[in-house]
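Asks: Chains as they are written, first to last, in the working numbering: chain F, 2 to 328; chain Z, 404 to 674; chain Y, 400 to 763.
Treat the hints loosely; a few may be bogus.
[Unchecked claim] Label pairs and their calculated CB-CB ranges:
hint, chain 1, residue 1, chain 2, residue 2, range
1, Z, L453, F, V51, 49 to 55 Å
2, F, L175, Y, R504, 50 to 56 Å
3, F, D29, Y, K567, 42 to 48 Å
4, Y, R412, F, S167, 51 to 57 Å
I should point out that these hints are in silico values taken from the structure, not numbers from a laboratory. Quick caveat: nothing in here was measured; it's all calculated off a predicted structure. Just so you know, even glycine gets a beta-carbon here, dropped at the ideal spot from N, CA and C.
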Amino acid sequence: MPAEGSPAGAPGDGTPAAGTPARATLVDRVRTNRRVKTLVASAIPVTWVVVLLLVPYALLLIQSFWRLRNGTLTHELTTENYRRLFGTSLYPATILYSAGVALRVTVFSLLLAFPVAYVLAFKVRKHKTLLYMAVIIPLWVSYVVRAYAWKIILGQQGILNGLLMSMGIIRTPLTVLLYSTAAVVLALTHIYTPFTLMPIYAVLDAIPPALKEASQDLYANRWRTFIHVILPLSLPGVVAGCTFAFVLSMGDFLAPQLLGGNDSALMVSNLVWSLFGVAYNWPLGAAVSVVMLALTLVLLWVAGRVEARGSYGGEARASVTDYAAPV
Amino acid sequence: MPRRSDPLTAGLWISAGAVFAFIYAPLAIVILYSLHDSSIIAWPLKLGTLRWYGVLVHDTSMLAAGWASVKLAVLAVIIALAVGVPGAFVLDRYDFPGKGAFRRLVMLPLILPGIITGVALLSFFSFVGLSLSSGFPLVPGWPVVLGHGAALTSVIMTQVYARLQRFDRALEEASGDLYANEWQTFWRVTLPSIRPAVLGAALLVFTLSLDEIAVTFFLIGRQNTLPLQLWGLLRRGITPEVNAAATVIFAVSLLTIVLWSRMIRDEKGRE
Amino acid sequence: MTPIVELRGLTKRFGAFTALDGISLAVAAGEFLTVLGASGSGKTTTLRLIAGFDLATEGRILIEGADVAALPPFKRPVNTVFQQYALFPHMSVRDNVGYGLRMQRVPHREIGPRVTEALEMVQLGPFAERAPRQLSGGQQQRVALARAIVNRPRVLLLDEPLGALDLKLRRAMQLELKDLQSKLGITFIYVTHDQEEALTMSDRVALMRGGRIEQLGAPRDLYDRPRSRYVADFIGETNLLPAVANDRDPGMVTVAGPAGPIPVRVEVRADGVRAGIPLWLSVRPESLSVVAAAAPAASGDGAGNSLPATVREIVYAGSVVKLHLALADGTTIVALRSPSDPPFASGASVQLRWPASQGVLVAD
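The following block holds chain F by itself, in its conformation from the complex (with noise of 0.2 Å):
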C-alpha cells in the first residue's frame, strides 16, 4: 500500500510525479527547437554525402579543366581536354556507337520483358512473389558471370557453336558470334532484361482488376483493352525500365571488353578506363565522364518529362529515381 501522499512510481524520464509542477530543461528547449533538431540530424548524413559524393563528382568536373603537362598532371585551367574530346573523331563516334548499342539493348530489353511482366501482374495466381523473385535472382548473380558465361556460349570452341556442329547444322565453328557488336548486344539484353521488367511488373500489378472489367464491361475486347486501359497506364513503368536499361548498358564496360573484340566494339567505358589507366590522361578522361554524366542526367531528366506528361490531372508520379533501388 503507497504511504498517502507519496507518488507512485516514476517509469521513463517524464512522469510527471503527482503534485509536482514539470519544469522544462535545455534538453526539453533543444528538442523543441526544429532548427536545432534539424541541424543534429541531418550532420552526419549530409556531411558524408557532401565529402564522399558531391566533392569527387565536382573534382571530376574540375580535373577534366586541368593540363596534363609531359605526362603530369598539373591545376592549370584549359579547354584542350574538350577540344579533343570534340575535335578528334575517336570519342564522339565512340559515343554515338555506345548510344546505338545502348538503344538496342533498351528496345530488346522491353520486347523481352514487357510479356514477362504482363503475365505475372495478370496471368499468375499462385506463386506470383516466387515466379517475380524467380526472374530478379539473376540480377544478384555476379554480373562478371553473367557476362562470361556469354563468351563460354559463343566463342568458336563454345557451346554454341559445339552443339550446332554436333546437330550438323554446321561443319566448320561460326566465327561471327563472339567479338562483335552482336554478342555485346546480347550479353546486355540478357543482363538488363530484368531491370527493364521490374518497373513495368510494379506498374502493371498496381492496376486494380476493376478497370480491365470495367472496360470489357464497356464493349473494348481484350486487345483493345490492352490498347487503350493498360499500356497507357503501364508507360510510367516502361519509361523508368527503358531509362535504365540504356544507362546502364551505355556506361557498361566489362561486356563490350569481353565480349567485343579489340577495336571495333569499344564503347565510352573502355575509352575512360583506358584513360585512367594505361593511357594515363586522367583530365582528358574525366572530360569524357563528365560528357557521359552530362548525358546520363539529360536522359533522366527527359524521361521524368515523359513520365510527368503522361500522368493526367497533375498527380505527383513517381519518378525514375524512384525504381532505381533494384528492388
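Go by the hints and put chains Z and Y onto chain F.
Replies: Quick look at chains Z and Y alone, frame taken from chain F:
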C-alpha cells in the same frame, strides 16, 4: 476474369516462358560446366566431377579475394547503415535548404554507370592523398571501403525512407503519450517496426558490394576482391574452376535473396 | 411478357465453395430490382455472372431471351457501375464517359453530344475536363453512372455503388438514382447489403442467403409477410418471440408468460410453418402498444393480444422513444412510444398489446 484458353493467352505464356529460359540458360550452363570433367570448356558436356570445387578450395588467391570481398561488404553495410538510416529519417521528417539537391545527389551512384562514380572517387582520393593501399591488410584499402560505403548508402536511404513513409506516426505519438522520451520511442517502437526493411536493405547492400566491379576496380589497392579476381582469370585462361567459383557466388546470392524476401514477407505481415 | 433478364438454375462454385446454389430469377423490363444480402450471400457473384466477369458453373443466363453464357462482357448489352467506380485514371471525365461509345464505334460527331447529355443528367456538366482524382467520392460515383448510362443499356447493374458515401449523401443519391431510373426506363439490378436502401428504392427485392434466394417480392411483402425468420430479422427491426404451435387450433400459439404459457392469436403464417419445429412470432416494434400492467383489458378488440413484460431500458431517439423490455423467459422486446407519452420507469411492469393481424408466425 474467367480463364479462357485461346491462342492469345497461350502465345503470351509461351513467350514469357521463352524469355524465362533465355534469362536462365546461360546461368544453367555455367553451373553445369562447373561439373565438367575436362579442363577445356567445350561441347559436349561431360558431367560428373567435383574436382573444380576442390581446386577452388585450394586456390589461395581466390580464397584471399573472397575473404577480402566479405570484409569489404561487411564494412560497406556498417557504413551504409550508419549514414543511411539517419539520412532516411532526415529525409522523412525534416526540411532544410537544398533538401531536393541532397536527394538527387544521393541517388546519383545508383543511376549513373559505376565507372563514373569510380573515376570520380579515384580522383578524389588521389587529390586528397589517401593511398589506395592504406589500411591494408586489415581492410582491402580505405578508399575502396569508403567508396563502397558512399555508393551504397543510397540503397539503404531509399529503402528505409520508403518504409518510414508508410509508418504510422500515431504509434510514436502514443508512445510519447505514455511517457517515453524520443530515444525510448525510437528504440522500442520505431526501430522494431522498420527493422525488416532495414535488415532487408542491409542484406541488399551486402550482395551489391560483393558483386561490385566498376567502383572497386578503380579504388582497389593490392588485394583483389572476388569479382576482380574472377575477371583477371577470365582474361588469362578459362578453366571450369571459374565456373565453380561462379556457382558458389550464385548460391550465396540466392541464399541472400531468399533471406531478403523472407524479411519483406515479414514486413508485409506486420503492416 | 418476356423477362429482360432470366436466370435459370444458376450455380457458381469456387473449388469446394458454392457461392450460388441453383438460383432462378426473372427480371421484368423497366423494373428496379434489388438483390439484397449479407456478405457472402452470393449477391455480388450473381451480378458478376450477369455482367460476364465470371463464368457460371451450371445454369443459364438469358438476356432479352438470348443465352449469354458464352459471351464475354464486351458482347453483352449490359453495363456495370462498380463499387469502387473503376474510373480510368489516365482519362478525363469526358473521355471516361465516352469510352464505351468509342468502343462501339459510334460515329464521332455523335459521341460529344451524348457524353454532354449524360453528364448533364448526373449534374456534372462543368466537370467534363477534370481528371477522376480531382473529384470527390460522390462526384466520381456519378461519373461512373454517366459512363454506364450513356450507352443506353437495356439493363444496368449496380454493385453497391453508394457504399463509400456518407449517410446524408447516400440518402440523396438513393433518390437521384430512383428518379433517374424511372426517367430513363432502364432496368436496374441493384446489389446492396443495406436493407433500408433496398426497401426505399426497389420495385422488388430478392433477399439472398447462402447462395439461395430466401424471398423475392415487393418491399412491402418482405416487410409485412416475411417467409422465414431470417427474412423477418433481416428486413427492418422486429421482435421474435419463441412460440409453440397449438395442434388443435392453427390460429393460436402459446408464448412464455410469468406463470406458464399464454395463448396468442395469430392470423398470418409463413409457408414453412408446421407443428414440431421451432417457431417464432414476429411482431414489429411499431405494432406494439405499451400500457401499464394494471390497465383494464381493451374493449371491443376481440382479436387483440396481450403479454406481460418488464421495462429494462428507455432510449431517447429524437422522434421516438425506444423501450427495451423483457418477457418472462428473458426474450428482449423493443417497442416504440412517442416522447410526449407518459414515460415508464425502468423496472416497471407493463402489458404489450398488438392486433392479431400484425404478428407473423415464422420458422427457420
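Asks: Verify the CB-CB distance for D29/F and K567/Y against the hinted window 42 to 48 Å.
Replies: 46 Å, holds
Asks: Quick check: does the Cβ-Cβ distance between L453/Z and V51/F fall within 49 to 55 Å?
Replies: 51 Å, holds
Asks: Does the Cβ distance between L175/F and R504/Y fall inside 50 to 56 Å?
Replies: Holds, since L175/F and R504/Y (Cβ atoms, about 51 Å apart) stay within the stated range.
Asks: Is the distance from the Cβ of R412/Y to the Cβ of S167/F consistent with 51 to 57 Å?
Replies: 53 Å, holds
Hint violations for this structure: none, all hints satisfied.
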